[in-house]
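Residue-level listing of the chains:
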Amino acid sequence: MIEEHFDAIVVGAGPSGNAAAYTMAKAGLKVLQLERGEYPGSKNVQGAILYADALEKIIPDFREDAPLERHIIEQRLWTMDEKSYVGMHYRSEDFNEERPNRYTILRAQFDKWFSSKVREAGAILLCETTVTELIRDGAGKVTGVKTDRQGGTAFADVVILGEGVNGLVGQRSGLRPELQPDSVALAVKEMHFLPREVIESRFNLRGNEGVVIEAMGTITDGMTGTGFLYTNQESVSVGIGCIVSDFAESGKTAYGLLEAFKNHPSIKPLLENSECKEYAAHLIPEGGYHSIPELYGDGWLVVGDAGQFVNAVHREGSNLAMTTGRIAGETIVALKQRGVAMSKANLAAYKRTLDETFVMKDLKKYKRIPALLHGNKQLFGLYPRLLTAAAQTWFRVDGVDKRSKENQILKSFRKGRTLSGLIGDAFKLARAWR
Amino acid sequence: MTDAMNVSSTGFKVEEKLFQNRYLVDVGRPHITIRPHDVPSKALLALTHACPAGCYSRNDSGQVEATIDGCLECGTCRVITAKTGDIEWDYPRGGFGVLFKFG
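Chains as they are written, first to last, in my numbering: chain A, 4 to 437; chain B, 253 to 355.
Just chain B, with the same shape it has in the complex (with noise of 0.2 Å):
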């Protein structure tokens, strides 16, 4: 990840809000994987600012990659990219992923 896309007009970075859940990450199992490719899809573009966790961005050769260790398993990336294909979204193993304390 190298640029700071998931910032907020005001300035705010969504990392900020994540600190405050809890997750268990399932180390070495990404439940979400990104297809490879050279130029990034209009629809798997849209993840970098779509995805409230902000687990897109993209690198500096412009390919979209995600690290979703704060991942909200909302599914927002699953709908936006399930014609194109771009991800394959699964849930996380039983157990695995974020821990709602509220809900």
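Bound conformation, chain A alone (with noise of 0.2 Å):
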């Protein structure tokens, strides 16, 4: 396809593999990134919200011209049963400063405007190209990628995978085992379109102010999950997800949860008279520290969610992406300079130095996490039933006395669950937190 050598060839331009090319490029490689969507950001789904301050580390003016939709100023976390929510929200004026922390986006948007920037730094893009597999040396070294293109083969010094969750070409090569049901949740998200005026008035926001929900409790139907809303500036993405494993064994529909996530009395108002005018579904790699595959080898790295870097406990996986991406330049930057071999050995600085950021550090912090919430299932059925009776026995005055009050309470979580299984339960949640 491309008789030049390249410095650097990276799969897929969603912001892992963006993070990279564009950190190579910058520092003046050859590189060539491969996309299979038409366009980047044609085959990317996402919440979505975007960290600024991984982002401000590889392009630190991006709010000149990056399509942002609201900085968030409030976030509302909701427990959930049929026809209630309790909820903890945080809002604070601080959060409308000059350089704001967090943003809602438009994937297809954002990464095309990501892209736009790799390719002012001078790595080559060709969209609508599927990578289908990687070409090793007789020593096993990745030298570079077969594509679906005629006669497409491209060859390179080191391979960036950045291929996302489903990574079929790394599966496919043999550099990392395949995803297991249990470990990866299936989300869904509408986008539902509203006057930005109407956003504004019911989500209590002025201007560019925007506001995330994060859900969880009977919306999943006893299984892992969690639910969420995003005000854009003229529109609500709406979404819900649960594991893989959980769907399978279970029956339920992805979009039969969604329908009734949209029609709970707390949410459907939010949406009335909007507009659908997108469906689309994802996988999340939510198994965390343990399900972290090799992430280098000779001639090749992985980034971003084929390497399995989402924190699902705290909703972020874009950040993670970028954070990766970028790293995984600059080791190739460096050693590049140094002019030494892209092995096994010298890519390990790769890992070195992710092992040092927030990424890894965070993944360890709640490695025991995801099996925790798979396997208690009652954190996402009978606690939010108990906790939303709680609050409706404390808030409705009936001439019943506060001290009955709440002994009723008490006595319905020891009902609901026993002592010894609160007690567990309590000591299972900080072993894993902490």
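Heads up, a few of these hints could be off.
Stated by the list, open to error - With a Cα cut of at most 27 Å, we get these calculated DSS-like pairs of lysine-lysine:
1. A:K33 to A:K354
2. B:K265 to A:K280
3. B:K294 to A:K380
4. A:K280 to B:K353
5. A:K380 to A:K271
6. B:K353 to A:K380
7. A:K86 to B:K265
8. A:K370 to B:K335
To be verified - Calculated from the model, a selection of chain B residues having no Cβ within reach of chain A, i.e. all distances over 10 Å:
9. T285
10. I286
11. A318
What the hints assert, rightly or not - Label-pair distances were calculated between CB atoms; the ranges are:
12. B:R274 to A:R94: 32 to 40 Å
13. A:E200 to B:E317: 42 to 50 Å
14. B:G280 to A:R122: 29 to 37 Å
15. A:K380 to B:S293: 22 to 30 Å
16. B:Q272 to A:E85: 25 to 33 Å
17. B:Q315 to A:R175: 26 to 34 Å
18. A:G225 to B:K353: 29 to 37 Å
19. A:G225 to B:Q315: 27 to 35 Å
20. A:K271 to B:K265: 18 to 26 Å
Quick caveat, the hints were computed from the structure, so don't treat them as lab data.
All C-beta atoms, glycine included, are put in the ideal place defined by N, C-alpha and C.
Assembling the complex is the task here: the two chains are given apart, and the hints tell you how they should meet.
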């Protein structure tokens, strides 16, 4: 396909691939980037929240022209049952700052913008090109890729795999195992359009202020998962996701859950009279620290979702993707400048650097959480019900004295889960969290 | 496709959601194929509800069939059947398949 020998080939033009390609191209390396979609972003799905810090470290002045929707000034965490929610909201004027911390974005537009920066930096991007396999030399070192284009091979000193959650290229090349149904979530999402003034009045916002709602409870019908609703400028992203093995075993459908979530009495008024313009689905790798595969080898590195870099507890992924992409790029630039081989031993610097960042530290901190959430379904059904019932008992004024109400609430918890169950759950959660 | 399996408990058809989306269908070159079978495995059967685009359904004689024009390329079916090998899943050819406008 291309005769030229590249310093690096990047597979994929999502946040991780773009971060890697930009970092290397900016430093003067010859970079080829391959993307299977018609344009960068056309295959990419996210909630989506952009964390400024990770992007600032790559493109410090990104706010000047990046397609940002709203900066987030309020976070709402909801524990829901069929008719109610108990919420913890945090809103602060501090988030109306000169350089806001988090933004909602639309990935198809954001990825296109990020890609334009990658090309400005000098990388060559080929879209509508699916990488089918890696090419290795006699010693097993990765030397290039095959694509589905006519005669479509390309060669480079190193290949960065930012191919996303399905990661077929790396899997089929034996670089990492297949995803496990119990450590990956399926999320579905709809884009609901509303006039911006309607969004602003419904969510108590001015200008480009935004709100995000993250929800858990009976909305996932006994399965491990969460729902969300994010405000964009003229649309609202609403979605829900659960672990794939839970869907497989339960017989429930993702679109059925989404419909029920949209029709929840606390959500429905927020979406009233909106027009749905897209329905998307995507997998999220949620296995955490224990699912992280081999991250480097002779002539290759893996970044982003393909490397399982998602912090499911904090709903962070794109920042981990950009950070791993940037560090992979920096690692390669440093090796190139030293004039040494892209060998496994030299590329190990990538993992050593990552270990010192929030990426690995956070995933390590929460290494027990995925198993805890998967194995303790009471967190998604029983506890939300007990909590919302307790709130109702507490707030309803009906002639019952407060001490009796307290006793009634305590009794409901002990009846629902037994004292040893309650203590056990508290212990498990504390142990997994620390 | 004979039965209407892909209707949620609220009576909502997933096909109505897919009408919102943009696709470039690679006519005659499906990127997913089901291995011929007489009786579907448990994993294959699970796809009739687990696929978020409702691409899988059972025919009159009980086999699972796929109509993948509305595929969202999430990979759920691939992950569920990875151990059984019931389906063959590839990325669509470059440029084909779903085109997310917003993502």
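Hint-by-hint comparison with the structure:
no., hint, result
1, A:K33 to A:K354, "holds (23 Å)"
2, B:K265 to A:K280, "holds (16 Å)"
3, B:K294 to A:K380, "holds (23 Å)"
4, A:K280 to B:K353, "holds (9 Å)"
5, A:K380 to A:K271, "holds (26 Å)"
6, B:K353 to A:K380, "violated (35 Å)"
7, A:K86 to B:K265, "holds (24 Å)"
8, A:K370 to B:K335, "holds (25 Å)"
9, T285, "holds (15 Å)"
10, I286, "holds (16 Å)"
11, A318, "holds (15 Å)"
12, B:R274 to A:R94: 32 to 40 Å, "holds (36 Å)"
13, A:E200 to B:E317: 42 to 50 Å, "holds (47 Å)"
14, B:G280 to A:R122: 29 to 37 Å, "holds (34 Å)"
15, A:K380 to B:S293: 22 to 30 Å, "holds (25 Å)"
16, B:Q272 to A:E85: 25 to 33 Å, "holds (28 Å)"
17, B:Q315 to A:R175: 26 to 34 Å, "holds (27 Å)"
18, A:G225 to B:K353: 29 to 37 Å, "holds (33 Å)"
19, A:G225 to B:Q315: 27 to 35 Å, "holds (30 Å)"
20, A:K271 to B:K265: 18 to 26 Å, "holds (20 Å)"
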